[in-house]
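Turn these sequences into a full structure, and let the hints steer you where they fit.
The sequence shown: position 247 = 247 (the working numbering), numbered continuously.
Keep in mind the hints are simulated off the structure, nothing from the lab.
Don't take each hint at face value.
[What the hints assert, rightly or not] With a straight-line Cα cutoff of 25 Å, these simulated SDA-like cross-link-like pairs (lysine to any residue) come out:
1. LYS6 / ALA71
2. LYS163 / PHE64
3. LYS291 / ARG348
4. LYS323 / GLN347
5. LYS14 / GLN44
6. LYS134 / GLY173
7. LYS162 / ALA190
8. LYS381 / ALA301
9. LYS17 / GLU148
10. LYS14 / ASP117
11. LYS39 / THR119
12. LYS14 / GLU28
13. LYS14 / TYR45
14. LYS144 / LEU104
15. LYS329 / SER276
16. LYS39 / THR66
17. LYS144 / ALA1
18. LYS266 / THR224
19. LYS6 / ARG73
20. LYS144 / GLY105
21. LYS39 / GLU122
22. LYS291 / THR224
23. LYS266 / LYS323
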Amino acid sequence: APTVPKILEEAGMKGVKAAIIISSGFAEAGNAELENWVKAVARQYGVRVLGPNCIGIYNAYTNFDTVFLPADRAGRPPPGPLALISQSGAVAAAIMDWAARRRLGLGFLANYGNKADVTEVELLEAFAADHRVKVITVYVEGFKYPGEARRFLETARKIVPKKPIVAYKAGRGGAAQRAVKSHTAAMAGAYEMYRGLFQQAGVVEASSVREMFDMAKALATQPTPRGRRVLVVSDSGGMGIQAVDALEALGLEVPEVPESIARELKRELLPFAAVSNPIDVTGSATDEHYKIVLDALLPTAFFDMALIVTLMQVPGLTKNLAKYVIDSKRYGKPIAVVNFGGSELVQRFEEELEDQGIPVYPTPDRAAKALWALYKYGEVKRRL
Numbered sequence: 001a002p003t004v005p006k007i008l009e010e011a012g013m014k015g016v017k018a019a020i021i022i023s024s025g026f027a028e029a030g031n032a033e034l035e036n037w038v039k040a041v042a043r044q045y046g047v048r049v050l051g052p053n054c055i056g057i058y059n060a061y062t063n064f065d066t067v068f069l070p071a072d073r074a075g076r077p078p079p080g081p082l083a084l085i086s087q088s089g090a091v092a093a094a095i096m097d098w099a100a101r102r103r104l105g106l107g108f109l110a111n112y113g114n115k116a117d118v119t120e121v122e123l124l125e126a127f128a129a130d131h132r133v134k135v136i137t138v139y140v141e142g143f144k145y146p147g148e149a150r151r152f153l154e155t156a157r158k159i160v161p162k163k164p165i166v167a168y169k170a171g172r173g174g175a176a177q178r179a180v181k182s183h184t185a186a187m188a189g190a191y192e193m194y195r196g197l198f199q200q201a202g203v204v205e206a207s208s209v210r211e212m213f214d215m216a217k218a219l220a221t222q223p224t225p226r227g228r229r230v231l232v233v234s235d236s237g238g239m240g241i242q243a244v245d246a247l248e249a250l251g252l253e254v255p256e257v258p259e260s261i262a263r264e265l266k267r268e269l270l271p272f273a274a275v276s277n278p279i280d281v282t283g284s285a286t287d288e289h290y291k292i293v294l295d296a297l298l299p300t301a302f303f304d305m306a307l308i309v310t311l312m313q314v315p316g317l318t319k320n321l322a323k324y325v326i327d328s329k330r331y332g333k334p335i336a337v338v339n340f341g342g343s344e345l346v347q348r349f350e351e352e353l354e355d356q357g358i359p360v361y362p363t364p365d366r367a368a369k370a371l372w373a374l375y376k377y378g379e380v381k382r383r384l
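Written out as structure tokens, the structure is:
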């Protein structure tokens, strides 16, 4: 760290206009004077600085990669519609590795560390301007400079009507807030302030990193629903009940199927199938039973989105079910699938759906939260 200002000065004298400083040992370690020296040199020579105390940038489209961790430790995800802005380098690297193993299209990553110069606000603007980015995810620990919250609010409010932002705020309690200050020299501040800020800005807030990406992959692939009414289709009564619990806890609605359509479904499904919503096609279901339900209800005005549970352990289901679910995209309504298990069939089924832009989750509560994020973003767009 002590050599950084001199090296930055030499670079500035040679006309370098951008630098990524990966070294730690600055303000986060109590050495604010050294960080201020870096800022002064950068201003003098007009050098924009990302960091210090960061891993920099990853661009899957161009293979521009400043992450110094080897790929066998931190996998590189494929190009895709998601961008991550992260205050923490270790969190960013872990997310990269996690996304790579799941073939999640995280096309861009930027870790800004101590943000001596470039902040999350400027990174938001950069990703907002890139047409390849469909959803911006933000891992934030705290703001650092006067007026930063206001700038974040103003910038996010301009972006959100065109592109969703999903954020996870870490450092919510007293002990965690102390850790934030020693980690990236940011001030965590009262969590309620950040929560209110996200609400005003139209940012969809997540309660964990996992939830942030559950939401993001739905927002990147699914249309915005017109309302909050969800069709639930399941081959498991228990999973269907869990789905309804999760949806209603989030303020989404699970309305009954109109009587006229219910009578028709009774004729076409198995005699012991439940057709009220949740629709239980039962463990004796076939691929065609799902098709019958989806084709009968998704085109109607009675439902705004669908949560489909497909437990592939039942003998009547095959990989062809994926085609019927994918075909349902033509109705223009959001779909989230719950697929739980460990067999090769389960994995192939999930991969085919995800490759065709249908988000898949292992549990009903995660699928429900993804649909909630779509509804929430739709409400935000209408408000802003």
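Practice task
Hint by hint, work out which the structure violates, then give me just those numbers in ascending order.
Solution key: 1, 6, 7, 12, 14, 18, 19 and 20
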